[in-house]
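One line per chain: the protein sequences are A and B, in this order.
Per our numbering: the first sequence = residues 49 to 530.
Per our numbering: the second sequence = residues 7 to 131.
Quick caveat, the hints were computed from the structure, so don't treat them as lab data.
Since this is a predicted model, take the numbers as computed values, not measurements.
The reader is advised that the hints may include incorrect statements.
Claimed, not checked - For lysine-lysine, the following DSSO-like pairs were computed, each having C-alpha atoms within a straight-line distance of at most 27 angstroms:
1) A:Lys196 - B:Lys66
2) A:Lys472 - A:Lys394
3) B:Lys116 - A:Lys149
As the list claims (entries may be wrong) - Chain A is faced by these chain B residues, among others (derived, beta-carbon under 10 angstroms):
4) Phe60
5) Thr64
6) Asp86
7) Thr118
Claimed, not checked - Here are the computed distance ranges between Cβ atoms for each label pair:
8) A:Phe313 - B:Lys18: 27 to 37 angstroms
9) A:Lys73 - B:Met26: 50 to 60 angstroms
10) A:Tyr101 - B:Ile97: 53 to 63 angstroms
11) B:Lys18 - A:Phe316: 29 to 39 angstroms
12) A:Pro268 - B:Lys40: 19 to 29 angstroms
13) A:Lys73 - B:Ser109: 24 to 34 angstroms
14) B:His41 - A:Ile501: 48 to 58 angstroms
15) A:Asp399 - B:Met101: 41 to 51 angstroms
Glycine included, every Cβ here is placed at the ideal spot set by N, Cα and C.
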Amino acid sequence: MSSILFIALPLLFGFATPILSKFGKNGVAYTSMIMQLFLLALAVSLLTTTSSYVEIISIAPPLGISFVLNSASLFFVLLFTLLMTLFSLYYLIHRKTDAYKDETKFFILLNMLLAAAIGLVLSSDIFNIYVFFEIAGISAYILSAYKKTSSALEAGLKYLLTGAVASVFLVFAIALIYINIGSLNLAVIAHSFEALPYNIKLLISILLLIGFGFKVEIFPLNFWVTDVYQGSSSLVNALFSGIVVKAYLFVFFHILYLFLPNGDFTVFLVYLGAISMLVAEIVGLRQTNLKRLFAYSSLGQVALIFTAFAMQNKDAIQAALFIVFSHSVAKFIIFLVLSAIEKEHKSIHIDTLKALNSSFLRAIMLIAMLSLLGIPLFAGFIGKFLALKSFAVEGLFVVLAIIIIGSLIEAVYYFKLAGFMFAKGEKREPLKIALAQKTLFGLLAFSLILIGIAPITISGFLLDASSVMLDGKSYVSMLVGG
Amino acid sequence: MFEFFNQPEVIKTIVTLGSMLLFFVGLFGLLTRKHIIKIFISIAIMETSIFLLFIGLTFKTDFIAPILDKIHLDVSTMNDPIPHAMILTAIVIGMAVLALGVSFAIEYFKLTGKTDIDEMSEMRH
Numbered sequence: 049m050s051s052i053l054f055i056a057l058p059l060l061f062g063f064a065t066p067i068l069s070k071f072g073k074n075g076v077a078y079t080s081m082i083m084q085l086f087l088l089a090l091a092v093s094l095l096t097t098t099s100s101y102v103e104i105i106s107i108a109p110p111l112g113i114s115f116v117l118n119s120a121s122l123f124f125v126l127l128f129t130l131l132m133t134l135f136s137l138y139y140l141i142h143r144k145t146d147a148y149k150d151e152t153k154f155f156i157l158l159n160m161l162l163a164a165a166i167g168l169v170l171s172s173d174i175f176n177i178y179v180f181f182e183i184a185g186i187s188a189y190i191l192s193a194y195k196k197t198s199s200a201l202e203a204g205l206k207y208l209l210t211g212a213v214a215s216v217f218l219v220f221a222i223a224l225i226y227i228n229i230g231s232l233n234l235a236v237i238a239h240s241f242e243a244l245p246y247n248i249k250l251l252i253s254i255l256l257l258i259g260f261g262f263k264v265e266i267f268p269l270n271f272w273v274t275d276v277y278q279g280s281s282s283l284v285n286a287l288f289s290g291i292v293v294k295a296y297l298f299v300f301f302h303i304l305y306l307f308l309p310n311g312d313f314t315v316f317l318v319y320l321g322a323i324s325m326l327v328a329e330i331v332g333l334r335q336t337n338l339k340r341l342f343a344y345s346s347l348g349q350v351a352l353i354f355t356a357f358a359m360q361n362k363d364a365i366q367a368a369l370f371i372v373f374s375h376s377v378a379k380f381i382i383f384l385v386l387s388a389i390e391k392e393h394k395s396i397h398i399d400t401l402k403a404l405n406s407s408f409l410r411a412i413m414l415i416a417m418l419s420l421l422g423i424p425l426f427a428g429f430i431g432k433f434l435a436l437k438s439f440a441v442e443g444l445f446v447v448l449a450i451i452i453i454g455s456l457i458e459a460v461y462y463f464k465l466a467g468f469m470f471a472k473g474e475k476r477e478p479l480k481i482a483l484a485q486k487t488l489f490g491l492l493a494f495s496l497i498l499i500g501i502a503p504i505t506i507s508g509f510l511l512d513a514s515s516v517m518l519d520g521k522s523y524v525s526m527l528v529g530g
Numbered sequence: 007m008f009e010f011f012n013q014p015e016v017i018k019t020i021v022t023l024g025s026m027l028l029f030f031v032g033l034f035g036l037l038t039r040k041h042i043i044k045i046f047i048s049i050a051i052m053e054t055s056i057f058l059l060f061i062g063l064t065f066k067t068d069f070i071a072p073i074l075d076k077i078h079l080d081v082s083t084m085n086d087p088i089p090h091a092m093i094l095t096a097i098v099i100g101m102a103v104l105a106l107g108v109s110f111a112i113e114y115f116k117l118t119g120k121t122d123i124d125e126m127s128e129m130r131h
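Let the sequences and hints guide you as you build the complete structure.
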């Protein structure tokens with residue numbers, strides 16, 4: 049039953065805060081920290097299991113709760129707990145100088161976000177997925193508007209509007225599924241989805257694509273993303289691009305592989321992803337606000353992950369998982385550095401990089417950007433290389449060309465940024481950051497380099513995860529038998 | 007004359023057409039209105055139409071409410087309770103999201119005096 053703890057403990061923490069806050073301000077902060085460290089330890093300890101299916105929890109139909117923890121979901125659970133723990137560690141030091149108002153609520157929201165992201169990944173009941181979809185959404189809206197400045201509120205409003213529309217389409221799809229199949233369990237639905245009439249199948253697929261399309265930031269439905277990133281504080285942006293969008297990406301493709309194992313829409317989705325990437329990189333080229341610029345870069349990378357996942361074959365999914373890791377870590381570093389810069393310089397314009405006076409932060413930013421770019425010896429390279437290889441193997445040379453053009457455009461603005469960082473000119477006072485924060489950045493950057501040099505450390509696990517994710521048949525037989 | 011309307015096929019047709027009409031009313035409002043509160047109302051209309059469709063299509067006229075007590079023990083004559091439970095949950099969630107949205111809109115209005123979605127352009131500076 050250990051995998052239920054990943055969802056139950058963070059939610060329980062929310063209910064326990066009135067008691068915890070009696071112990072003063074630090075009571076809540078440290079309890080949250082300890083709980084997240086415990087969850088991280090739990091996730092790491094589950095790595096020792098040798099079988100692909102680590103744990104299946106099924107409570108009989110009246111309650112209809114079932115969670116599946118296999119290698120694929122374990123990868124995401126590990127990533128989310130790791131990033132959230134590091135975020136809390138960073139924030140524990142950050143709050144000494146620049147704390148959020150009403151911190152108790154902030155910690156509740158962080159843990160709700162963690163619980164919902166893990167719930168999305170583990171749940172194998174489509175209505176539970178809807179509930180976690182909304183919990184993750186609501187906590188993200190509030191985090192986005194948390195500072196209550198006019199731009200933060202505008203970002204929160206835009207996020208909420210698109211999220212509410214997305215959830216309408218998702219409920220529509222779930223209603224149609226239940227009317228036609230009579231079950232909410234993903235395995236049962238997957239079992240009988242193929243036999244549905246073509247029109248119903250098409251309608252459900254389109255509704256699911258629209259519903260999740262808003263959340264996985266795919267081209268015509270991603271107009272809101274950059275405004276949200278620009279309006280929210282850099283700290284929570286690290287969570288949005290590190291955790292939230294990755295959870296939605298996983299659950300979307302998890303459902304897609306289960307419902308359409310023959311890949312009926314593969315070509316359409318692959319081109320959709322490739323075009324999203326190209327559009328994001330072209331528009332990103334002209335941005336002068338750093339948060340907005342990195343939001344476009346996030347859109348581009350997420351679209352690349354989307355394209356690789358949409359290929360629906362084992363090698364491409366492994367590549368996608370590599371990019372999920374390298375992108376989450378790199379964007380995490382970048383947004384946390386941006387928050388340090390924003391605090392010091394009170395501006396997030398691209399020119400602030402010229403005045404940035406901290407060789408450590410510059411080096412860390414450079415490592416993260418080179419990894420995003422896919423330069424050899426950094427983690428981003430492995431993912432991008434494997435993805436390009438799988439496009440070439442499948443003979444999708446147009447997609448290959450679009451991705452390469454997109455990456456070249458990305459290279460233009462990253463090198464522009466690097467040029468700004470190392471430009472000679474007036475420097476400010478040296479930017480001081482705490483030793484613990486330096487260690488944290490160092491560890492993250494080291495992991496990027498380590499995996500870039502020796503991808504073998506995680507490639508076996510990721511290959512297992514990708515084959516489990518693709519294998520709908522054994523998922524169904526594990527849950528319903530036969 | 008109303009027996010005609012009691013046939014399951016007729017009821018399902020009316021429910022489907024009606025709720026789809028409502029859905030497109032909501033969608034039309036979402037795409038054409040500019041006032042933020044009106045947009046929220048449009049989303050609420052769209053949500054409600056889905057709820058109506060779902061309940062309408064899974065509800066069976068000659069079946070009783072799914073409540074177990076001393077008299078009604080035969081489950082086979084009861085309506086399926088799962089859609090009801092699901093829709094209740096969805097209504098609560100939708101309500102919470104709308105309330106949150108309206109509270110953001112009020113805070114935003116207090117700060118800037120704007121209600122028009124096209125005028126929301128804090129990001130352009």
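Results of checking the hints against the structure:
{"no.": "1", "hint": "A:Lys196 - B:Lys66", "in the structure": "48 angstroms, violated"}
{"no.": "2", "hint": "A:Lys472 - A:Lys394", "in the structure": "21 angstroms, holds"}
{"no.": "3", "hint": "B:Lys116 - A:Lys149", "in the structure": "19 angstroms, holds"}
{"no.": "4", "hint": "Phe60", "in the structure": "4 angstroms, holds"}
{"no.": "5", "hint": "Thr64", "in the structure": "6 angstroms, holds"}
{"no.": "6", "hint": "Asp86", "in the structure": "8 angstroms, holds"}
{"no.": "7", "hint": "Thr118", "in the structure": "5 angstroms, holds"}
{"no.": "8", "hint": "A:Phe313 - B:Lys18: 27 to 37 angstroms", "in the structure": "29 angstroms, holds"}
{"no.": "9", "hint": "A:Lys73 - B:Met26: 50 to 60 angstroms", "in the structure": "53 angstroms, holds"}
{"no.": "10", "hint": "A:Tyr101 - B:Ile97: 53 to 63 angstroms", "in the structure": "36 angstroms, violated"}
{"no.": "11", "hint": "B:Lys18 - A:Phe316: 29 to 39 angstroms", "in the structure": "32 angstroms, holds"}
{"no.": "12", "hint": "A:Pro268 - B:Lys40: 19 to 29 angstroms", "in the structure": "20 angstroms, holds"}
{"no.": "13", "hint": "A:Lys73 - B:Ser109: 24 to 34 angstroms", "in the structure": "25 angstroms, holds"}
{"no.": "14", "hint": "B:His41 - A:Ile501: 48 to 58 angstroms", "in the structure": "56 angstroms, holds"}
{"no.": "15", "hint": "A:Asp399 - B:Met101: 41 to 51 angstroms", "in the structure": "45 angstroms, holds"}
Hint compliance for this structure: hints 1 and 10 are not met, and every other hint is.
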